[in-house]
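Visitor: Residue-level listing of the chains:
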Amino acid sequence: MIRTYALLAWAWTRAAAQYRVSFALMTAGAFVIGGLDIAVIWVIFANTDSLAGFGPAEVMFLYGTSELAFAISDTLFGNVDRVSQHIRAGTLDVMLVRPAATWAQVAADRFGPHRIGRIVMAAAVLCVALARLDIPLGRAWMVPVMVVSGSVIFTSMFTLGGALQFLLTDAPEVANAFTYGGAMLNQYPLSVYDPRIVMGLTYVLPLAFVNWRPGLYVLDRPDPLGLPSWTGLLSPAAALALAAVAALAWRAGVRRYRSTGS
Amino acid sequence: MIDAAELGRVFRVRRQVVHAVRDLSFHVAPGEFVACLGPNGAGKSTTIKMLTGILAPTSGRIRVDGLDPARRRTALARRIGVVFGQRTTLWWDLPLRDSLELNRLLYKVDRKVFRDRLDELCVLLDLGGFLTTPVRQLSLGQRMRGDIAAALLHDPAVLVLDEPTIGLDVVSKAEVRDFLRRRNAEHGTTVLLTTHDLGDVERLCRRVLLIDHGSLAFDGTLDGLRALVPGRTSIEDVVADLYLSSRGSPRTPPRRPVRGETSGTA
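Sequence order for the protein chains is A and B. Heads up: the first sequence at position 227 corresponds to 227 in full-length UniProt numbering, and the numbers run straight through without jumps. Heads up: the second sequence at position 233 corresponds to 233 in full-length UniProt numbering, and the numbers run straight through without jumps.
Hint data in this document are derived by calculation from the structure and do not stem from the laboratory. Keep in mind that a hint or two might mislead.
[Claimed, not checked] For each label pair, taking beta carbons as the anchor points, the in silico distance ranges come out as: (1) Trp-10/A with Asp-68/B: 31 to 37 Å; (2) Leu-36/A with Val-13/B: 18 to 24 Å; (3) Arg-115/B with Val-32/A: 42 to 48 Å.
[Claimed, not checked] Here are some chain B residues pointing at chain A (derived, C-beta under 10 Å): (4) Thr-52; (5) Arg-73; (6) Gly-81; (7) Thr-88; (8) Trp-92; (9) Asp-93; (10) Asn-103; (11) Leu-153; (12) Ala-157; (13) Tyr-243.
Positions of the beta carbon are idealized from the N, C-alpha and C atoms, including for glycine.
The whole structure should be built from the sequences, with the hints applied where relevant.
Guide: This is the structure in structure tokens:
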């Protein structure tokens with residue numbers, strides 16, 4: 001599966017190299033979009049000293065970890081939610097008759113190296129935040145763990161969205177609400193939202209495990225929901241559980257695939 | 001090589017049950033060249049998709065080279081070649097050679113073996129002139145030859161082609177037909193193709209499967225098919241008559257297939 005992915009991603013990178021101007025513009029675009037997000041945080045803190053009790057560096061930390069996890073997942077595997085387009089174009093049939101994992105083929109399809117700009121931007125924000133926070137090593141080890149777990153969580157959600165499209169060909173937007181919407185939600189401390197939303201993001205869709213729960217542990221903050229701080233360390237477990245559900249859903253989706261007319 | 005027994009596929013469309021394929025049984029021996037005919041919507045493509053593992057059948061049993069396609073799709077993919085006339089399996093933005101090389105890696109074909117096979121296919125399919133051209137710039141005829149080459153680089157035992165001559169001009173058609181006939185004769189590759197072009201059938205296939213309303217309406221030789229409609233000599237007229245006479249009939253329980261007298265297998 002990894003080999004298939006690498007082969008196809010490399011092929012798409014070479015294809016993208018044929019359109020140099022487009023590549024440069026899209027890379028620049030990715031930077032600008034990331035920059036706008038940061039401008040919003042800056043505007044908020046021009047008007048207030050704290051957001052739900054969190055200072056600017058802490059908010060940048062929460063933003064940076066979530067955005068980095070999302071950017072990695074979206075760049076590498078985000079195209080896995082284009083299943084319905086492949087079904088309509090018939091390209092899914094072509095993928096199914098190749099001796100390679102369908103998931104890797106869909107995920108690597110149209111791989112765009114330009115989105116790496118977004119990863120760089122998010123990593124830069126996270127670095128600035130970490131430099132200003134002075135987190136002790138005893139808790140800082142959790143930062144890379146939460147970024148990896150977060151990437152797995154977002155990738156699983158993209159996969160669930162893709163799997164859903166085997167059944168509902170016309171519903172990619174439903175999945176987008178949870179993936180892109182979830183990433184937006186996670187850009188701010190979750191305590192700015194209604195506690196019921198936070199509960200949903202903890203127990204139903206484990207988006208709170210991308211940056212909020214482990215973030216509270218790293219920042220040494222009490223949980224507004226009252227859960228003990230070690231629950232922040234459960235991110236890898238939450239990620240693996242969601243990945244297992246996504247893998248099963250994907251398999252079920254491919255089995256129930258109905259193809260198109262011709 | 002291909003064994004289908006009481007094969008069926010049901011689709012549920014807005015709470016209605018549609019039998020795309022029902023009670024379809026046939027057997028294709030190694031080295032045979034078989035054409036699958038039938039009006040639009042008869043179930044040809046659905047059958048091809050069940051043969052290649054894209055779709056799981058809802059009833060019956062199917063084996064291709066001893067494998068259950070839906071369950072062992074990836075293993076089967078190494079043993080069969082599939083060509084879709086309506087869509088390409090090549091990568092649009094890559095030069096043809098890179099697409100073929102990518103297939104080599106996906107199918108895990110040894111580099112040396114690959115080079116020999118590509119050399120042979122280059123001569124037979126006359127690919128030399130456009131190996132370095134991006135696939136999106138190829139003409140339909142060139143693209144189809146490239147697609148056929150891509151489907152054969154792993155030397156499959158079975159080649160399945162869904163409307164391989166659709167949209168091709170007379171010369172390109174002749175080239176594709178010529179190549180398929182030679183491949184079948186010289187490599188013993190089992191070939192199953194669907195087509196609406198009866199010229200394909202007349203020039204290539206010893207055996208015809210006529211699929212209508214999802215079930216097998218005829219299995220035999222072209223002469224056997226002609227004999228079904230007395231008074232018609234052109235195969236076009238024969239098939240047109242058969243299609244028309246079945247048009248009025250609803251999707252009723254399957255009729256027994258008419259067996260042509262010289263059908264080689266049972």
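Visitor: Evaluate each hint against the coordinates.
Guide: Hints versus structure:
1. Roughly 33 Å separates the CB atoms of Trp-10/A and Asp-68/B, a value that falls within the hinted 31 to 37 Å.
2. For the pair Leu-36/A and Val-13/B, the supplied restraint of 18 to 24 Å is violated, since their beta-carbon distance comes to about 45 Å.
3. Take Arg-115/B and Val-32/A: their Cβ atoms lie about 47 Å apart, and the range 42 to 48 Å holds.
4. The restraint placing Thr-52/B at the interface with chain A holds, with a minimum CB-CB distance near 5 Å, inside the 10 Å limit.
5. Evaluation of the Arg-73/B hint against chain A yields a held restraint, the C-beta minimum of about 7 Å falling below 10 Å.
6. A least Cβ separation of about 9 Å between Gly-81/B and chain A falls short of the 10 Å threshold, and the interface hint therefore holds.
7. Against a cut-off of 10 Å between C-beta atoms, the interface hint on Thr-88/B holds, since the closest Cβ of chain A lies about 8 Å away.
8. Interface hint at Trp-92/B: satisfied, since its Cβ lies 8 Å from the closest Cβ of chain A, which is below the 10 Å cut-off.
9. Interface restraint check: Asp-93/B against chain A, minimum CB-CB distance 4 Å, threshold 10 Å, status holds.
10. Among the interface hints, the one on Asn-103/B holds; its C-beta lies about 8 Å from the nearest C-beta in chain A, closer than the 10 Å criterion.
11. Against a cut-off of 10 Å between C-beta atoms, the interface hint on Leu-153/B is violated, since the closest Cβ of chain A lies about 12 Å away.
12. The interface hint given for Ala-157/B is broken, as the beta carbon of that residue sits about 14 Å from the closest beta carbon of chain A, more than 10 Å.
13. The beta carbon of Tyr-243/B comes no nearer than 18 Å to any beta carbon in chain A, farther than 10 Å, and the hint placing it at the interface is violated.
Consistency note: the structure conflicts with the earlier hints numbered 2, 11, 12, 13.
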